[in-house]
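Residue numbers (our numbering): 9 to 252.
Worth double-checking, as some hints may not be accurate.
[Stated by the list, open to error] Subject to a maximum C-alpha distance of 30 angstroms in a straight line, what follows is the list of computed DSBU-like cross-link-like pairs (lysine-lysine): (1) Lys57 / Lys19; (2) Lys168 / Lys193; (3) Lys193 / Lys222; (4) Lys124 / Lys222; (5) Lys236 / Lys248.
Simulated from the structure, these hints should not be mistaken for lab results.
Please read all numbers here as calculations on a predicted model, not as lab measurements.
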Amino acid sequence: AIHGDLGLISKNDIIIALSNSGETEEIIKLLPALKRLNCTLIAITGNVKSTLAIRSNFVLDVGVKKEAGGNGLLPTSSTTAMLAMGDALVVAYLELNGFKDDVFARNHPGGSIGRKLLTTIGDVMHTGDQIPIVYENSNLSTVISEMTQKRLGVTLIVDKKKHLKGIITDGDLRRMIEQKKDVSKICARDLSNSFPKYLEQTNLATEAVQLMDKHSITSLVVSKNGQKIDGLIHLHDLLKAGII
């Protein structure tokens, strides 16, 4: 650094210097130049009585009793302590500067974390003819046919205005068969035992995972008001998208 790289440092910069001994020659030689530039010096060191520590504005003590291996000579515990302190500094900086998840996601869209922070329900939901739908007065045969063709394990129930009225799961069908009811008189509205949970398509896909987990379900309706159906999302869609 004293042979030209020092030019990268500007006046009033904040310098973080790492040295377990605090006596590393390359760093000690830089100290006079850093002082002339009025730099703020933060030392991360295992020796708070060292030259580096004494000449620094702030000292972060990462001293360890002994190294993990190599007869106490190989840098092991000390390097781990420095890494941990570095992580702590970064986290503190992010909190002070209000670094938000959406900023991280924009900068890391290709990774799994970015994917989870950016993917909305609208990105992975089923729409249009992909959504299994039957009318309230549809017979059992129609219900089974729609559920079988769309292969999502559910079918939604709507009224004449196509407003959402309920949901039928394959579990509802199995329970009905076990009870040995007269299927000739059963219609869709008789099979629905609850109003479906729903989220908007602008919600994050991770929110769908949380809601499914909370209610032990595998499908969610996508809707703004619980009436107009915008889509349907299944647990398998979230798995396929890498959200889970």
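Against the structure, the hints come out as follows:
A hinted pair counts as satisfied when its Cα atoms are at most 30 angstroms apart, and Lys57 with Lys19 qualifies at roughly 27 angstroms. Under the criterion of a C-alpha separation no larger than 30 angstroms, the hint pairing Lys168 with Lys193 is consistent with the structure, at around 20 angstroms. About 34 angstroms separates the Cα atoms of Lys193 and Lys222, which puts this hinted pair outside 30 angstroms; it is violated. Between Lys124 and Lys222, the direct Cα distance comes to roughly 18 angstroms. Compliance with the 30 angstroms bound is thereby established for this hinted pair.
For a cut-off of 30 angstroms, the pair hint linking Lys236 to Lys248 stands: about 26 angstroms separates their Cα positions.
The structure fails hint 3 only (numbered hints given earlier).
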